[in-house]
Amino acid sequence: MKRVEIRVRQKKGMAILEVEGELDFSNVEQLQQEIQRRPEEVVEIDLQGLRFIDSSGAGMLLSQARHLFRQGRTLRIVGIPDLIREDLEVIGFFRVLEIIETNPNA
Amino acid sequence: MGEVITGNGKILRAYGLEVSGCSLPAEQVGGDFFEFISCDERTVFAVIGDVMGKGFHAARLMETIRHMLRECIRINPHPLEVVRRLNKVGGDELRKCGAFATLCLLCYDGITGRLSCVNAGHHPPLLLSDGKVKVARCRGVALGLLEDYLGSGVEEFFLAAGDAVVLYTDGLVEACGPGEQRYGQERLKEIVRLQNGADADRMRQNILSDLETFIRGFSQKDDVTLVVMKVTGRVGEKGGD
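Protein chains in written order, with this note's numbering: chain U, 1 to 106; chain C, 1 to 241.
Be aware that one or more of the hints could be misleading.
To be verified - Not the full set, but computed from the structure, chain C residues with beta-carbon under 10 Å of chain U:
1. Gly9
2. Arg13
3. Arg85
4. Ala136
5. Gly217
6. Asp222
What the hints assert, rightly or not - So the derived label-pair ranges between C-beta atoms look like this:
7. C:Gln181 x U:Gln48: 15 to 25 Å
8. U:Glu20 x C:Arg70: 25 to 35 Å
9. U:Ser26 x C:Ala160: 44 to 54 Å
10. U:Glu86 x C:His57: 35 to 45 Å
Since the hints were derived computationally from the structure, they do not count as laboratory data.
C-beta: ideal position from N, C-alpha, C; glycine also.
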């Protein structure tokens, strides 16, 4: 299993999950469970320390974003390293995020 | 359609083309695939894709998507309609499993040399013509992420004898060598540029040898799939098919 470390911080109605390491099919559930566990209105995922993400990681982030927006909450993804941003761009990740923010059932 | 299958590879010689493809799995079987699908006596599809995930689950989903792809081409072979329909029927299947799939679909007319390209969240193909490499501009959202397919539409090119098109999955450009450096699109473009004059199968082998040199035995996280399509002539012409 790849190593991923998640640090949780709280700030006025917001949870910040700092993700470090490699996120892939073997450990993606760890982050998913941590997102699902948060009761806050806004969940921010800080990917600054992420070195690798595979399609399972990208898919999980989108499905969790959809889930939160459906509940009228927000999932924000910040600090995306350039190479990972390029990979996510190819699959249309940011386009999908934009659309589900306004229409989570799209 | 003259297709030769050898291990992980396949070669097609028809429609005034030589097409050579192969898929090399990483540690665990993944969801990469490629297909050559005959449409009529002048038209052929070359498709590459990657279904999210690893193992049995991804492999099963990949088989379902391949089957649906053939069915969509049979119902309406217009390239954009194929992808739209596949996003509807295949997307439902993918969403049920919380998955998505990337796909790049090429449709080639062996009489006119017209190549139509539609992209759903996949790396765009490279085109080699007269020693110059161009990256196709077609973009789109991967299958299963949205109810309706969203993309830049059909991009068209007219190919001449000697022109080549290279399709690949993320496992190739994201392959890591020592120091976690990536193989990357720029290195791929350069090795493709140097292949002017080589046939499709030789081009595919040369690209993979360059990748081997780059990764220097480092074990890789993802499958590598590569398809090279080269125009040999026009359908009905000598040297074509």
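Exercise. What are the numbers of the hints that this structure violates, sorted from low to high?
Worked result: 1, 2, 3, 4, 5, 8, 10
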